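Protein chains in written order, with our numbering: chain F, 2 to 215; chain W, 2 to 215; chain Y, 2 to 215.
Since the hints were derived computationally from the structure, they do not count as laboratory data.
For clarity, every value in this text was computed on a predicted model and none was experimentally measured.
Hints may contain errors.
Stated by the list, open to error - Derived DEER-like restraints, expressed as beta-carbon distance ranges: (1) F:R159 to Y:G65: 26 to 36 Å; (2) Y:G65 to F:A197: 30 to 40 Å; (3) Y:N152 to F:L130: 29 to 39 Å; (4) F:A197 to W:H76: 26 to 36 Å; (5) Y:R100 to F:V201: 44 to 54 Å; (6) F:A90 to Y:S11: 37 to 47 Å; (7) F:H76 to Y:W204: 46 to 56 Å; (8) Y:G65 to F:V201: 33 to 43 Å; (9) W:A180 to Y:P183: 48 to 58 Å; (10) F:Q75 to Y:D74: 25 to 35 Å.
What the hints assert, rightly or not - So the derived list for chain W, only partly shown, Cβ under 10 Å to chain Y, looks like this: (11) I134; (12) V154; (13) S161.
From the three backbone atoms N, C-alpha and C, an ideal C-beta is built for every residue, glycine too.
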Amino acid sequence: MPAPRSLPVSPDRLVLGFDLVATFVFGLEGASAAVNANLDVFGALVLGFVTALGGGIIRDLLIGDTPPAAFRDQHYMITALVGALVATAIFAPISHVPRWVLTVLDAGGLSLFAVSGATKALEFGANDLTAMICGIITAVGGGAIRDVLLNVVPQVLRTSVYASAALFGTVVMLIGIRAGQPRGRMMCIGGVACLALRLVAAWQHWNLPHAESL
Amino acid sequence: MPAPRSLPVSPDRLVLGFDLVATFVFGLEGASAAVNANLDVFGALVLGFVTALGGGIIRDLLIGDTPPAAFRDQHYMITALVGALVATAIFAPISHVPRWVLTVLDAGGLSLFAVSGATKALEFGANDLTAMICGIITAVGGGAIRDVLLNVVPQVLRTSVYASAALFGTVVMLIGIRAGQPRGRMMCIGGVACLALRLVAAWQHWNLPHAESL
Amino acid sequence: MPAPRSLPVSPDRLVLGFDLVATFVFGLEGASAAVNANLDVFGALVLGFVTALGGGIIRDLLIGDTPPAAFRDQHYMITALVGALVATAIFAPISHVPRWVLTVLDAGGLSLFAVSGATKALEFGANDLTAMICGIITAVGGGAIRDVLLNVVPQVLRTSVYASAALFGTVVMLIGIRAGQPRGRMMCIGGVACLALRLVAAWQHWNLPHAESL
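Looking at chain F on its own, in the form it has when it is part of the complex (with noise of 0.2 Å):
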């Protein structure tokens, strides 16, 4: 039996182009969320700006890799200002960004980070425990850094299926990779999966039980 086939490219080099897909919908994202909030230019930048790098931050320095990965390697920050322009660009005229954009692109950034989140805690010489945990907090940490800055509860906490699609994407990617799988095929299959959970759940209205309706 020939050796699983691996995609062509290392998982390091994966989790970098998952991260800077996020980092530019979540830039893209959270700029827009600016323009919705009635935030001036420069607070829609700065706003991209946090939501794009705010959970790979959180990440690298929870993990012990620092100066996190946005401070070391320009990409990040460039692709998240470019993320914020692009928004302020060509939602600004709309005035208003439709909700399911947002909830797309959100979706998006979601996914990518939670899995590349989880694979750099793994290379890091996490376990799986911490790599489930970090794969969250990549995910839904810019986006609660969006929310408190914008005064208000964060999606994390409001909406249903939303950090528990994000550990669904992990779990799956984990549960390939102890199975033998290669991890950088893992990384496309749990992503996918944690996009097709959030986006399905958001669109059918999903809900968890509430904790006192247990």
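Given chain F's structure and the hints, the job is docking chains W and Y onto it.
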């Protein structure tokens, strides 16, 4: 005169023990607050988790113990999750957790984290002022993150004799240590001092003067 | 032609000096905001403390200078506490601190931290983009934490020509440095540029365009 009898455990292990009990208590208390705030089950777990681990993580980042203990030693995460799960399982059916239960749990976590935070800072070479500040940060940090996420002004700013009780406990501990008492014994005495002051203040509705009434 | 005359102090010591003056000013200003928000005396000290030290601590964690200067060098904590104590002692009797006093104090701290933050990042090997971001983070970080704790949208998002004034000051400084001017002199010029822009903007109620009106 014999040397003062120490507790039969090293300060190192006492810090871990105090940290873990406080982590459990704050996990329980953070998830209970989520039940009261009508979050869903996964949101309650997330809130219990950050309440339990937030203060210690900030302390460890600030004293340079990276990655933070909560990310190196799996006991922390598991303890926080068990605390949060117990809260959702026990408190969910009664739907609203009585206020005094939360106050007592909170005071317990506050006291344990105040002395463990200050002691860990001492072990990392901090002077007394920095140790006091680290004790306060460890004690109030998790709750501050909890309240910020729930979008309310943190208890540390709203509640009189809260951060000041943590300060009192660390001062009692440090005075004893500087007077030659064993560190482990003073951790217990300082913790009891903080707990007693906090509970009496909550019971008697003690208030510090407001700044403008000085 | 003689070499440009530098200030008689090294950039290192200028960073410390600027940091400490800004720490004092933000300690004063954070505690004053607490007086206005009707917090008690200890809450005012806590708020002054985090406003004064928050920006520099985040900067130091991000550039990898851990433990942060505020936890290694006792001057920071003492300066922050003195600033907060002065505010509660002076401003408490007059019960409400005039808005323009807070604006001027805030602009001073903003300017000093913007140039000290960018300069310290340069000394840790950051490129110009990262140095600019670090300058902004140092300048607005403490105030953002203050406002998040007071449960309002941070000034950096609400107020036009705030983060952008910090950016302006660091850009002026970096252009001068790249043109061969001594670092110490450009710190002063950049700081004055930021302060002037911020104060004129506050006085004239300048506004950046809101995103939707572009």
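Original post:
Per the hint of 33 to 43 Å, is the separation of the Cβ atoms of G65 (chain Y) and V201 (chain F) within bounds?
Top reply: Because 41 Å falls inside the window, the suggested range holds.
Subject >> Pairwise beta carbon distance, A90 (chain F) to S11 (chain Y), judged against the given window 37 to 47 Å >> reply: Check passed, 43 Å falls within 37 to 47 Å.
Original post:
Do the numbers back the hint for S161 (chain W), that is, is its least Cβ distance to chain Y under 10 Å?
Top reply: Cβ of S161 (chain W) sits 5 Å from chain Y, so the hint holds.
Subject >> 26 to 36 Å as the expected CB spacing between G65 (chain Y) and R159 (chain F), which holds or is violated >> reply: Holds: the Cβ-Cβ distance is about 34 Å, inside 26 to 36 Å.
**OP:** Under 10 Å, Cβ to Cβ, is where I134 (chain W) needs to be relative to chain Y, so tell me if that hint holds or is violated.
**Re:** 6 Å, holds
**OP:** Can you let me know if the beta-carbon spacing of G65 (chain Y) and A197 (chain F) is within 30 to 40 Å?
**Re:** Given about 38 Å between the Cβ atoms, the range holds.
Subject >> Distance restraint hint 48 to 58 Å, applied to the beta-carbon atoms of A180 (chain W) and P183 (chain Y) >> reply: Since A180 (chain W) and P183 (chain Y) have Cβ atoms about 51 Å apart, the given range 48 to 58 Å holds.
**OP:** Evaluate the given range 46 to 56 Å for the C-beta pair formed by H76 (chain F) and W204 (chain Y).
**Re:** 40 Å, violated
Original post:
Does 44 to 54 Å hold as the CB distance between R100 (chain Y) and V201 (chain F), or does it fail?
Top reply: Holds - the Cβ-Cβ distance for R100 (chain Y) and V201 (chain F), about 50 Å, lies within 44 to 54 Å.
Subject >> Hint check, V154 (chain W) versus chain Y [nearest Cβ-Cβ separation less than 10 Å] >> reply: 5 Å, holds
Subject >> Hint check for L130 (chain F) and N152 (chain Y) - Cβ pair distance inside 29 to 39 Å >> reply: 33 Å, holds
Original post:
Does the Cβ-Cβ separation between Q75 (chain F) and D74 (chain Y) fall within 25 to 35 Å?
Top reply: This hint holds: roughly 30 Å between Cβ atoms.
Going down the numbered hints, you'll see the structure goes against just number 7.
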